[in-house]
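Novice: Sequence:
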Amino acid sequence: MKRTLLAMVIFAATTILAGCSEEEQSTALPAPVAMTEEAVGHYCNMAVLEHEGPKAQIHLKGYEHPIWFTQVRDAVAFLRSPEELAEAVVTYVHDMSKAKSWAHPGDDAWINAEDAVFVIESSMKGGMSAPEAIPFGTMQAAETFIAGNGGRVVRLADIPDAYVLGPVDLTAADGAQTGAHARMDSNMGSMQ
67 MKRTLLAMVI FAATTILAGC SEEEQSTALP APVAMTEEAV GHYCNMAVLE HEGPKAQIHL
127 KGYEHPIWFT QVRDAVAFLR SPEELAEAVV TYVHDMSKAK SWAHPGDDAW INAEDAVFVI
187 ESSMKGGMSA PEAIPFGTMQ AAETFIAGNG GRVVRLADIP DAYVLGPVDL TAADGAQTGA
247 HARMDSNMGS MQ
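One rule links them: number in my numbering = place in the sequence shown (from 1) + 66.
The hints are simulated quantities; they were obtained by calculation from the structure and are not laboratory data.
Just so you know, even glycine gets a beta-carbon here, dropped at the ideal spot from N, CA and C.
Fair warning: there could be bad hints in the mix.
[Unchecked claim] Here are the simulated EDC-like pairs of lysine to aspartate or glutamate, each with C-alpha atoms no more than 16 Å apart in a straight line:
{"id": "1", "residue 1": "Lys127", "residue 2": "Glu104"}
{"id": "2", "residue 1": "Lys191", "residue 2": "Glu130"}
{"id": "3", "residue 1": "Lys166", "residue 2": "Asp235"}
{"id": "4", "residue 1": "Lys164", "residue 2": "Asp174"}
{"id": "5", "residue 1": "Lys191", "residue 2": "Asp235"}
{"id": "6", "residue 1": "Lys164", "residue 2": "Asp181"}
{"id": "7", "residue 1": "Lys164", "residue 2": "Glu209"}
{"id": "8", "residue 1": "Lys127", "residue 2": "Glu153"}
{"id": "9", "residue 1": "Lys191", "residue 2": "Glu116"}
[Unchecked claim] Derived Cβ-Cβ restraints for the label pairs, each shown as a range:
{"id": "10", "residue 1": "Asp181", "residue 2": "Lys127", "range": "18 to 24 Å"}
{"id": "11", "residue 1": "Trp168", "residue 2": "Leu236", "range": "14 to 20 Å"}
{"id": "12", "residue 1": "Leu151", "residue 2": "Ala228", "range": "34 to 40 Å"}
{"id": "13", "residue 1": "Gly232", "residue 2": "Thr93", "range": "33 to 39 Å"}
{"id": "14", "residue 1": "Leu151", "residue 2": "Pro96", "range": "15 to 21 Å"}
{"id": "15", "residue 1": "Leu115", "residue 2": "Glu209", "range": "26 to 32 Å"}
{"id": "16", "residue 1": "Tyr129", "residue 2": "Gly214", "range": "36 to 42 Å"}
{"id": "17", "residue 1": "Thr204", "residue 2": "Ser167", "range": "26 to 32 Å"}
{"id": "18", "residue 1": "Pro226", "residue 2": "Met205", "range": "15 to 21 Å"}
{"id": "19", "residue 1": "Val99", "residue 2": "Glu209", "range": "15 to 21 Å"}
{"id": "20", "residue 1": "Gly216", "residue 2": "Lys166", "range": "19 to 25 Å"}
{"id": "21", "residue 1": "Arg146", "residue 2": "Ala97", "range": "31 to 37 Å"}
{"id": "22", "residue 1": "Gln206", "residue 2": "Val155", "range": "25 to 31 Å"}
My request is simple: use the sequences and hints to build the entire structure.
Specialist: Here you go:
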């Protein structure tokens with residue numbers, strides 16, 4: 067009788083521990099994925115590697131591969147958009163304090179967007195020449211960036227909707243298009 071009771075207790079404890087282990091595994095976040103030439107911006111359908119500045123990748127529930135964004139601003143817009151029904155599991159952004167350069171941040175600089183601080187309203191533009199939400203892993207790095215480029219620091223939840231969902235003027239002071247849009251227009255012109 068004692069052996070049967072002991073066996074039942076051991077079985078119950080093992081089952082409970084196994085259940086906890088499975089729960090921990092199911093809540094583990096996917097790791098950031100390296101950018102390849104196949105990585106295409108979710109909204110613009112352009113190669114992510116061809117754009118300067120910080121990028122973002124969002125891992126969605128039920129999907130094997132992340133969706134990519136040529137600008138962090140666009141990833142935040144995706145997260146805020148009521149039209150996007152897929153559940154985001156985790157969003158990774160480039161920690162620009164660890165980036166190799168503005169032009170090529172690299173694959174060693176990913177940080178969970180929830181852990182980052184963001185500089186908004188700076189003089190730096192993102193990969194699509196729109197205002198950018200520039201991520202940093204530390205407040206000190208963000209403040210150093212602000213000293214040379216202006217802007218202010220916010221957390222992900224505090225980025226104003228109007229900053230990421232509002233219209234963007236992509237023309238320079240002289241009326242010409244800027245950045246990727248100018249390159250795209252010039253390439254289209256050569257095709258005519």
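Novice: Determine for every hint whether it applies to the structure shown.
Specialist: The hints, checked one at a time:
About 21 Å separates the Cα atoms of Lys127 and Glu104, which puts this hinted pair outside 16 Å; it is violated. Of the pairs offered as hints, the one joining Lys191 and Glu130 is violated, with about 31 Å between alpha carbons and a cut-off of 16 Å exceeded. Taking the CA atoms of Lys166 and Asp235, the gap is about 29 Å. The hint is violated against a cut of 16 Å. Distance hint between Lys164 and Asp174 is fulfilled; the C-alpha atoms sit about 8 Å from each other, no more than 16 Å.
For the given pair, Lys191 sits about 12 Å from Asp235 by alpha-carbon distance, which is consistent with the 16 Å threshold. Distance hint between Lys164 and Asp181 is fulfilled; the C-alpha atoms sit about 14 Å from each other, no more than 16 Å. Distance restraint check for Lys164 and Glu209: the Cα-Cα separation of roughly 15 Å lies within the 16 Å cut-off, and the hinted pair is therefore satisfied. As the CA atoms of Lys127 and Glu153 are separated by approximately 5 Å, the hinted pair is consistent with the 16 Å bound.
At roughly 15 Å between alpha-carbon atoms, Lys191 and Glu116 fall within 16 Å of each other, so this suggested pair holds. Evaluation of the 18 to 24 Å hint for Asp181 and Lys127 yields a pass: the beta carbon distance comes to about 20 Å. Under the hint 14 to 20 Å, the C-beta atoms of Trp168 and Leu236, about 19 Å apart, fit the expected range. The hint said 34 to 40 Å for the Cβ distance between Leu151 and Ala228, and at roughly 23 Å that hint is violated.
Under the hint 33 to 39 Å, the C-beta atoms of Gly232 and Thr93, about 35 Å apart, fit the expected range. Remark: the range hint 15 to 21 Å for Leu151 to Pro96 is upheld by a beta-carbon distance near 19 Å. Look at Leu115 against Glu209: about 29 Å separates their beta carbons, and that is inside 26 to 32 Å. Evaluation of the 36 to 42 Å hint for Tyr129 and Gly214 yields a pass: the beta carbon distance comes to about 38 Å.
The given range of 26 to 32 Å is broken by Thr204 and Ser167, whose C-beta atoms sit roughly 19 Å from each other. The given range of 15 to 21 Å is respected by Pro226 and Met205, whose C-beta atoms sit roughly 19 Å from each other. As the Cβ distance of Val99 to Glu209 is approximately 30 Å, the hint placing it in 15 to 21 Å is violated. The hinted range of 19 to 25 Å is satisfied by Gly216 and Lys166, whose Cβ atoms lie roughly 23 Å apart.
Separation of Arg146 from Ala97 is about 25 Å and departs from the stated range, judged on CB atoms against 31 to 37 Å. Hint check: Gln206 to Val155, Cβ distance near 29 Å, so the stated range 25 to 31 Å holds.
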